[in-house]
Amino acid sequence: MTQKPFLEVKNLNVAFPTEDGLVQASNDISFTVARGETLAVVGESGSGKSVTSLAVMGLHDRKRTQITGQAFLNLESGPVDVISADDEVVRKLRGKAMSMIFQDPMSALHPYYSIGNQLIEAWSLYNEGDKAAGKKRAIEMLDLVGIPDAAKRVDEFPHQFSGGMRQRVMIAMALINNPSLLIADEPTTALDVTVQSQILQLIRDMQKEFNMALILITHDLGVVAEVADRVNVMYAGKIVESGGAEDIYYRPDHPYAIGLLNSIPKIGELDSKRLVAIPGQPPSLINLPQGCSFRARCAFSDRVPGNLCATTTPTLDEKSTDHFSRCHLPEAELVKARKEIGGK
Amino acid sequence: MLKYLARRLSATLLVITLVSMSVFGIFAVLPMDPAALTCGKACSAPVIEANRHRLGLDVPVTVQYGRFVKGLFVGRDFGEGAAKFHCPAPAFGYSYNRHECVTTLVAEAFPVTLSLAVGAFVLWLSVGVSLGILAARKRNEWQDRAATAFVLVGTSLPTFISGLLILLFVALKFNLINPIEMGRWVSPLEDPVAWFRTFIFPWIVLALLYAATYTRFTRSNVIETSSEDYIRTARAKGLNERDILRKHTLRAALAPIVTLAGLDFAGLLGGAIITEGIFNLPGLGRLSIRAVLRDYDLPTILATTILAAVFVVVANLLVDILYAYIDPRVRVAS
Numbered sequence: 001m002t003q004k005p006f007l008e009v010k011n012l013n014v015a016f017p018t019e020d021g022l023v024q025a026s027n028d029i030s031f032t033v034a035r036g037e038t039l040a041v042v043g044e045s046g047s048g049k050s051v052t053s054l055a056v057m058g059l060h061d062r063k064r065t066q067i068t069g070q071a072f073l074n075l076e077s078g079p080v081d082v083i084s085a086d087d088e089v090v091r092k093l094r095g096k097a098m099s100m101i102f103q104d105p106m107s108a109l110h111p112y113y114s115i116g117n118q119l120i121e122a123w124s125l126y127n128e129g130d131k132a133a134g135k136k137r138a139i140e141m142l143d144l145v146g147i148p149d150a151a152k153r154v155d156e157f158p159h160q161f162s163g164g165m166r167q168r169v170m171i172a173m174a175l176i177n178n179p180s181l182l183i184a185d186e187p188t189t190a191l192d193v194t195v196q197s198q199i200l201q202l203i204r205d206m207q208k209e210f211n212m213a214l215i216l217i218t219h220d221l222g223v224v225a226e227v228a229d230r231v232n233v234m235y236a237g238k239i240v241e242s243g244g245a246e247d248i249y250y251r252p253d254h255p256y257a258i259g260l261l262n263s264i265p266k267i268g269e270l271d272s273k274r275l276v277a278i279p280g281q282p283p284s285l286i287n288l289p290q291g292c293s294f295r296a297r298c299a300f301s302d303r304v305p306g307n308l309c310a311t312t313t314p315t316l317d318e319k320s321t322d323h324f325s326r327c328h329l330p331e332a333e334l335v336k337a338r339k340e341i342g343g344k
Numbered sequence: 001m002l003k004y005l006a007r008r009l010s011a012t013l014l015v016i017t018l019v020s021m022s023v024f025g026i027f028a029v030l031p032m033d034p035a036a037l038t039c040g041k042a043c044s045a046p047v048i049e050a051n052r053h054r055l056g057l058d059v060p061v062t063v064q065y066g067r068f069v070k071g072l073f074v075g076r077d078f079g080e081g082a083a084k085f086h087c088p089a090p091a092f093g094y095s096y097n098r099h100e101c102v103t104t105l106v107a108e109a110f111p112v113t114l115s116l117a118v119g120a121f122v123l124w125l126s127v128g129v130s131l132g133i134l135a136a137r138k139r140n141e142w143q144d145r146a147a148t149a150f151v152l153v154g155t156s157l158p159t160f161i162s163g164l165l166i167l168l169f170v171a172l173k174f175n176l177i178n179p180i181e182m183g184r185w186v187s188p189l190e191d192p193v194a195w196f197r198t199f200i201f202p203w204i205v206l207a208l209l210y211a212a213t214y215t216r217f218t219r220s221n222v223i224e225t226s227s228e229d230y231i232r233t234a235r236a237k238g239l240n241e242r243d244i245l246r247k248h249t250l251r252a253a254l255a256p257i258v259t260l261a262g263l264d265f266a267g268l269l270g271g272a273i274i275t276e277g278i279f280n281l282p283g284l285g286r287l288s289i290r291a292v293l294r295d296y297d298l299p300t301i302l303a304t305t306i307l308a309a310v311f312v313v314v315a316n317l318l319v320d321i322l323y324a325y326i327d328p329r330v331r332v333a334s
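First to last, the sequence lines map onto chains A and B.
Each residue of the first sequence is one higher than the last, beginning at 1 in this note's numbering.
Each residue of the second sequence is one higher than the last, beginning at 1 in this note's numbering.
The following block holds chain B by itself, in its conformation from the complex:
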């Protein structure tokens, strides 16, 4: 197990390195010149050159990458003289649009996205899995048909429609969200009620989509597992239906959901762009989309992209380790 862990961990590090390199490489070859973009109104060739030097873009891309990696570990200084800024480690870069270390921007945005992701995750997992089990148990009865209808609506309604509908016809109409305070970040440690009120509708919007997928997945897994030989064995032993479901069917049927849930959750941690946009939540999704569409803020895009990749890769690792605990066959094979 320890050997397996070490192998997986080094593979994970390798993937993260490769991802950061490719993202870095892509930005280097983009037909966009940050030096010109940050030039201002009175722009001239010397100013652009000076900017290029200031941004650290006048050296080969390999050297840039080296500085970037070094900055991650020991922090980094940007600019010179009076306009010098220090970003402590881990420094992802400096946003000249926002005049802030990227790490600070990310650190401010992350709790918002984390709150959104955790709440939605809990909601969709509990709703999706229990609805899926119910549908499988009451196959072809009205509960199953209702669940199928829910799946259909949930999977076919894009978040930008369901989000707007809920915002307009529920949250605003019944004064459940104060439009002026909408999306104001409150820490759950300071004011749990306000935090909950900020996030409940975004949670519902996000969870609707995922819960539908999980309902369908759980339903088909439970039905499939129910026809396994070992379920018949359990019944032949004399176990009651509740124990068969709880101990035998669900254990096997829900194991693949661990994988799915882990990866979906990690994907959300990278930022839910549309939901954050609709509900004005200052999370990673909003940070990225602003950096991409409005500011051409390369250091920020770089940071959020790498971060999103890291979440997915790390989640993959955790899910695999978790799976080895769930399924003894994996444990021995590894």
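Next up, chain A with everything else stripped away, as it sits in the complex:
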């Protein structure tokens, strides 16, 4: 990437104080996304994917969250750290510099207001002009995201739209002010399989159209392979592997990533093979013990010399060019491991 990244996240920590202790939901996260680039964030539920992006958007309740670290938006007017900036400053970046779409389009739109009303509301936050101009822009956006008969449907209510159409509306609303960064938090999870690829295609088209930086949060590795430039694999609040999409796909370095890829059923093998799962559960994020968070579920921890996995938390190291991993496993063992369970 020759361009300066639009978003630079540095050592971001997000924690929630609870009665049982401090939940460390996001742990020392650093990454960058440039305009036109797609970063996929994968990991199972509770791995800190959404928590991290909500922190970037400033959508956590500051009273109930402890956030440290930095997240710079490199705006034309200069960089702004959205973590340390005033609430009011961050609010005025939301919907304008950065936008977000959510998992469940069924509940993400206000049921009492028409689609048009909600789009115009978003538009008028950052644009001068009367309602008619806003409506014109709303129809334009609905048209762009592929809502048929947009001029008529703009006056309809969310419950009159199907799930896929509602997600299109959400996308139209998120993009109405031409943001530089779009965070899509599992945008296809709640949709029918047939609709999923359409929505994904739409997001990619829109990314090109608006030249946006895109963070795609998902646990669907198929989606990742299709659209991502870079991939962050998250586990127990940490990035455990980070690299180019091809690297992650063909040369996964972390046993968790290897396990994730291995759990995808492959057409042709379905009859002969049971679905493969990673055994065990992710650890509690309260008082994470010393050492590697994944070691209890890791198939290869016994190959690490000494008792390193239990005593020392692995750091995110560059194992090969622009390919980072948080694992103690020596390279030779890793190649063996990949062959053993990857089968690739």
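Certain hints may be false.
Unchecked claim - Straight-line distance between alpha carbons at most 16 Å, and here's what the computed EDC-like set of lysine to aspartate or glutamate pairs gives:
#1 K63(A) to D320(B)
#2 K135(A) to E156(A)
#3 K96(A) to E128(A)
#4 K138(B) to E241(B)
#5 K339(A) to D322(A)
#6 K138(B) to D191(B)
#7 K138(B) to D61(A)
#8 K3(B) to E241(B)
#9 K92(A) to E100(B)
#10 K84(B) to E100(B)
#11 K92(A) to E224(B)
#12 K247(B) to D327(B)
#13 K63(A) to D327(B)
#14 K10(A) to D61(A)
#15 K92(A) to D104(A)
Unchecked claim - Examples of chain A residues toward chain B, derived with CB under 7 Å:
#16 S107
#17 H110
#18 L125
#19 F161
#20 Y250
Because the hints were derived from the structure by calculation, they are not lab data.
Being a predicted model, the structure only gives us computed values, none of them experimental.
Even for Gly, the Cβ is constructed at its ideal location relative to N, Cα and C.
Given chain A, put chain B in place with the hints provided.
Chain B only, in chain A's frame:
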């Protein structure tokens, strides 16, 4: 929408008819003989029979009901000869205890109850809803705790306690109510100040109870709505907190309160028996309770009961129609 209205309206009429029939039926089978009760001191069997005829109770109950319904529409004559009285439509009956058409009694009592209900309604709605919103916004802070204390006191103090306490230790002690004039009905059109002075304490007593319930309801609704996905969407758009609360949260959180408020208000229109009793207000509640406990005045009881039912049923209809305007999902489904 028109079809829906027609359907709801006919259903409402049906319910009112059924209610009036059942009330009528219940009074017909009561082990109480109005003819004997109105007999007087020198009572004998022929007098009772004559009374029964005079009261129109010597015919089958279906015929009685028919006369009752007819009276509602065209008015009705009670008694015969020199003792004949005419009650114009809508005639609910004739009270032989009060020597007055029931409709007249109700018409005199209703403005009192209406004043009481409207004032209390305005008071409890504004206090309850704003306190509920405040408590939800300042969750777990002192404002929230204060509101919780208010809810606890308000819901656990029965009106006959709070009413007496306020009457004795505030209104009478500080000479805010003249005990001789207490409960004297003054029309707000004639003397708004006197009207206000008559009703302010009854309003407070009634509103205390309801405001507590509404505070609790509003608080939990606002908190629940605040965690909805569409509120997060509103925040992600870049809306400020004030607009999120005003346009997004409250619209959804307060919609169910319309239903609650409509029905509570209608319930009060039937008469607030205890409050009216404590403050000596000559409203529908007092009218009913006197008819029940002192006079065994069946026509009056019949009228107030049916009226109370009509208020509730009509309020139900209005609330449903109103709700269709508030919630577009209801509008389309109907």
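Violated hints, by number in ascending order, as checked against the structure: 1, 5, 6, 8, 9, 11, 13, 14, 15, 19 and 20
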